[in-house]
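Chains D and E, in that order, give the protein sequences.
When the letters of the first sequence are read in order and numbered with my numbering, they come out as residues 126 to 544.
When the letters of the second sequence are read in order and numbered with my numbering, they come out as residues 982 to 1127.
These aren't lab readings, by the way, just hints derived from the structure by calculation.
Some hints could be false.
Stated by the list, open to error - Distance condition first, Cα-Cα at most 30 Å in a straight line; then the derived DSSO-like pairs of lysine-lysine:
{"no.": "1", "chain 1": "D", "residue 1": "K504", "chain 2": "E", "residue 2": "K1125"}
{"no.": "2", "chain 1": "E", "residue 1": "K1036", "chain 2": "D", "residue 2": "K500"}
{"no.": "3", "chain 1": "E", "residue 1": "K1125", "chain 2": "D", "residue 2": "K531"}
{"no.": "4", "chain 1": "E", "residue 1": "K1030", "chain 2": "D", "residue 2": "K531"}
{"no.": "5", "chain 1": "D", "residue 1": "K543", "chain 2": "E", "residue 2": "K1104"}
{"no.": "6", "chain 1": "D", "residue 1": "K279", "chain 2": "D", "residue 2": "K322"}
{"no.": "7", "chain 1": "D", "residue 1": "K233", "chain 2": "E", "residue 2": "K1036"}
{"no.": "8", "chain 1": "D", "residue 1": "K233", "chain 2": "E", "residue 2": "K1034"}
{"no.": "9", "chain 1": "D", "residue 1": "K531", "chain 2": "E", "residue 2": "K1126"}
{"no.": "10", "chain 1": "D", "residue 1": "K543", "chain 2": "E", "residue 2": "K1107"}
{"no.": "11", "chain 1": "D", "residue 1": "K304", "chain 2": "D", "residue 2": "K170"}
{"no.": "12", "chain 1": "D", "residue 1": "K421", "chain 2": "D", "residue 2": "K188"}
{"no.": "13", "chain 1": "E", "residue 1": "K1034", "chain 2": "D", "residue 2": "K504"}
{"no.": "14", "chain 1": "D", "residue 1": "K431", "chain 2": "D", "residue 2": "K458"}
{"no.": "15", "chain 1": "E", "residue 1": "K1030", "chain 2": "D", "residue 2": "K504"}
{"no.": "16", "chain 1": "D", "residue 1": "K253", "chain 2": "E", "residue 2": "K1034"}
{"no.": "17", "chain 1": "D", "residue 1": "K253", "chain 2": "E", "residue 2": "K1072"}
{"no.": "18", "chain 1": "D", "residue 1": "K400", "chain 2": "E", "residue 2": "K1036"}
Small disclaimer: the values here were computed from a predicted structure and weren't measured.
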Amino acid sequence: MYALVDCNNFYASCERVFNPNLQGQPVAILSNNDGCVISRSDEAKTLGLPMGAPIFKWEAFCKQNNIRVFSSNYPLYGDMSSRVMSILKQFTPDVEVYSIDEAFLQFKGFQYYDFNDYGTQMRRRILKWTGIPTCVGIAPTKALSKVANKIARKFPNETNGVYVINSEAKRIKALKWLKIEDVWGIGRRLAKRLKAKGCNTAFDFTQLPNDWVRNNFSVTELKLKNDLEGIPSIQLDEVTNKRAIATTRSFEYTFSDIDNIKERVSTFATSCAEKLRKQQSSCYMILVTLSSDRHKKEAEQHRTSKTIHLAYPTDSTLIISSQAVKAAINMFKPGIKYKRAGVIVMGLVPNNNYQLHLFEHENPKHKPLMLAIDKLNKKYKDYKIKLGNQDLERTWKMRQERLSLKYTTNINQIITVKC
Amino acid sequence: MLAKETTNLTFFLPDTSNSEGAIFFDSGISAGFPSPADDFKEERLSLDKELVKNKEATFFARVSGQSMIDAGLDDNDLLVIDRSLEPENDKIAVCFLDGEFTVKRLKVEKDGLWLLPANRNYKPIKISPENEFVIWGIVTNVIKKL
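So here's chain E without its partners, still in its complex pose (with noise of 0.2 Å):
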């Protein structure tokens, strides 16, 4: 091949700043014994997508007290809160009450809502139209540091 003689040399660069990347499979064109792994290659696990499932709804908090301990919550975690989903019986949320925010279990009832703390220390809360308060958004996750 001839090459013209030049004084100025050109570097073209792939414009990497805004790529996820491929995976690059190394062992694709050789002649000898592929790799049996290869079929089974699969994509890492990664927290992020099994603890987040909706991104622009999902908030965190930190849990601060003793109410909720036989729920597995405990002084200190960190909760994964998602905003798109409904309040329903059961569920756990983080509640807007009175001026602060809260955790618990909500229990709906004939006589109305209830908040319902899990450690026998603690009494339920009945919500009356006089509280001001506010369903945050639903607990989906409680990560803890051991």
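With the rest of the complex left out, here is chain D (with noise of 0.2 Å):
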């Protein structure tokens, strides 16, 4: 059997595990820069608060409802996500991290084990030691535990956050249940494709015929039609490290000269490329896009991109930047006021199992450079080595005019008990 574990609206409850008062209230956590909404409570989402809405344009609406709106606090939200995670660590060896808020976990050998009685038991542990709330769906597959997990959250009432998948008759009632669009892993496009076959639920999904799924999709959507059927075929891990790696911000200003530009592009790649050695991964393939603000219609407006293929996979942030910048001093059209950049590493292989070029290759001192660079950086935090084309004196100027305390590491900004 598998289990999902999801946290319910991760962020606004880590808010208000430290802010007891917010329980009830509604909540939004912003984006990085404060630019948008990027999480938020029930309360919040009935009340219509968008997700993704632009905050300046939604400010209003935030006050006239009493919406408590907070910078998003990342080193509390990773210290209470590891905490989770660690706690479900407890219940079985096989645990997934799919997201901060997210594990999928296997229970080999847990055959007689009541499996709603286990969840609910996983359910209390994590509530009563972190005071995070989550729901939990268990099933014979992954997919099928995504789906139960939906169930969970839908129907807290008659489920108490737990539901288990457990027979033929749950199984196919789930499934009629489930709308196309909201099956783990099938996009937007994919799901209008299959509307358009008359494919409109999940129970709907399994009816079609393997050769046909397998032909006009591929053999992903296949592994997740078994899936859903209830036959094991997307396995623990399977989908873990991800397949493209991206940073895009907005900038706090408009930039119209060439070496701002620079000194961006350079940092998004930098981080981009501290991303895949992180999950041990290399990129063949770097995009940068350039955009101005469409906010400002009366403007000039421009927006591009461009894609460098690379001879071989790189993890070397001295490569990815150097690419990124040229692409970015290629695309740069004076006169404009650019708002935004980003940079996206895609191709991804694993480091430890790639195709060599015959005749071009990496610089062997690249690699060693680069464990030292991540080492002194996680060392002495605030990234004390940085490329000589960024800016030395801003890491991210992060523009973080809500930002709850690091209750959870950094002892100047733990709780205060009145006594």
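Put the complex together from the two separate chains, hints included.
Put into structure tokens, the structure is as follows:
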């Protein structure tokens, strides 16, 4: 059996643990740089605050409806997440941390367990120890555990946050309930194509012939279909490593000079390379984007992107940054007020298994150098080692005007108790 | 031993980035008299281990106020709080009461739950259904700076 454990409105829940006054109140969390809404409590959703809402447009709405708005406090969320994950590991050794607030668990040799009871125990322990509410879905396959989790989330009163699909009747009922666009791994485009074929629910999807799914989509969708049929086909860890890593941000001002653009692009590229090394992957492609402020309709607009294909895969900051900056210089148009840039690395391959190029290869000095830089930056924090083209004074210059405290990672910011 | 001449020299270094390391017994293989202290070598004391029994459930808080001084909780002391412990009579708990965190001793009486201060100048608080009240965690240790 598999379980999907998902923290409810994770960021808002983290804020509530240390500020219980927010319990039952609408809460919204902003993206890095306080740009737009990236997480909402149920109350904020009910009020109609949309996901991704640019805050400058919704400021009045939030004030009117008393929505408490916070900057994203990643040190806090990261620490709370690792507590939750580590509690989950007490229930089974096979835990795949799927995202900051989600984990898949596999139960091998647990056939005599009452999963409803076990799931309730997990949920209770996490809530008591960390204060974070979760939903638990348990089923014979990963994809079905995702479905079960959706049911637990949607019907809290009936399920008490835990739902187990352990019979054919429950499986069919669940799949008939789930709309095709809500199926795990079915993107918007795929859903559109399937709907055109009259395939509207997860159940309809499982009724398609295997060959047809394979030929019209790919082996991934076929595996998903099998999973939904109750035949375990998607294994733990199969989808952990990301297939692309993006760092894109709005600037705090608009830039119309190439130097600032170069600096930002280099910084974003550095962050991508770092994330690559963290998941031990290398990339074959780098996509760089530049865009002007689309909210300022009166100004001349320029939105452009460029993809660089590399001869060999790399995770080196030096290469990724210099290539990205080169692309940015190429695309740059004088006279445009740029507001946003992004670097996305794609074509990711695992570091221990990739195709080498016959004639070109990476400078072998890069690997130990990157290792040293990562180590130093980890040890001394705040990114002490940077490339020469990065601004030494600024790391992100994150605009975090509504940041809560680092309750769990900074001794000077812990909660105060009156006595 | 025959060494082939080559222009590249590869050094293989142990990856120490993820390891906590092992204790190095430096008197192991010598032929002389071994150190009599070796048999008694133990792990170093760790306050972390002593004070934090359950690291997933442990949080810290700062005391502000005088109501618990007779229990040894002074202004500005650091509290170690374990959320996994069950609230019991006589335990000192961090509670969230009507919009504020507070720390008091729990007293379960026939007529309900009381929060007892440890300072004569303060009055016990009776928790009624009208109060917004949550027991947030149990205090296990107080750390004070001298």
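**Message:** Tell me if the straight-line CA distance from K233 of chain D to K1036 of chain E falls inside 30 Å.
**Reply:** Distance of about 27 Å is within 30 Å: holds.
**Request:** Compare the distance between the alpha carbons of K1030 of chain E and K531 of chain D with 30 Å, and conclude whether the hinted pair is satisfied.
**Result:** The given pair, whose Cα atoms are some 23 Å apart, holds under the 30 Å limit.
**Proposed proximity, K458 of chain D with K431 of chain D (alpha carbon, max 30 Å)** = Within the cut-off at roughly 14 Å; holds.
**Message:** Given the hinted pair K253 of chain D and K1072 of chain E, is their Cα-Cα distance within 30 Å?
**Reply:** The hint holds at about 17 Å.
**Asked** Does the alpha-carbon distance linking K304 of chain D and K170 of chain D stay inside the 30 Å limit?
**Response** holds, 20 Å
**Message:** Check the hint pairing K1030 of chain E with K504 of chain D against an upper bound of 30 Å on the C-alpha distance.
**Reply:** Holds, because 23 Å separates the two Cα atoms, which is no more than 30 Å.
**Request:** Sort out whether K1107 of chain E lies within 30 Å of K543 of chain D, counting only the CA atoms.
**Result:** With a Cα-Cα distance of about 17 Å, the restraint between K543 of chain D and K1107 of chain E holds, given a limit of 30 Å.
**Request:** Take a quick look at whether K400 of chain D and K1036 of chain E sit within 30 Å of each other, Cα to Cα.
**Result:** Holds, at roughly 27 Å.
**Request:** Compare the distance between the alpha carbons of K1125 of chain E and K531 of chain D with 30 Å, and conclude whether the hinted pair is satisfied.
**Result:** holds, 21 Å
**Request:** Verify the proposed pairing of K421 of chain D with K188 of chain D, using a straight-line Cα cut of 30 Å.
**Result:** holds, 24 Å
**Asked** Is K279 of chain D close enough to K322 of chain D, meaning Cα to Cα at most 30 Å?
**Response** holds, 27 Å
**Asked** Between K543 of chain D and K1104 of chain E, is the straight-line Cα distance small enough, at 30 Å or below?
**Response** Satisfied, since the Cα-Cα distance of roughly 14 Å is no more than 30 Å.
Comparing the model with each numbered hint stated earlier shows that all of them hold.
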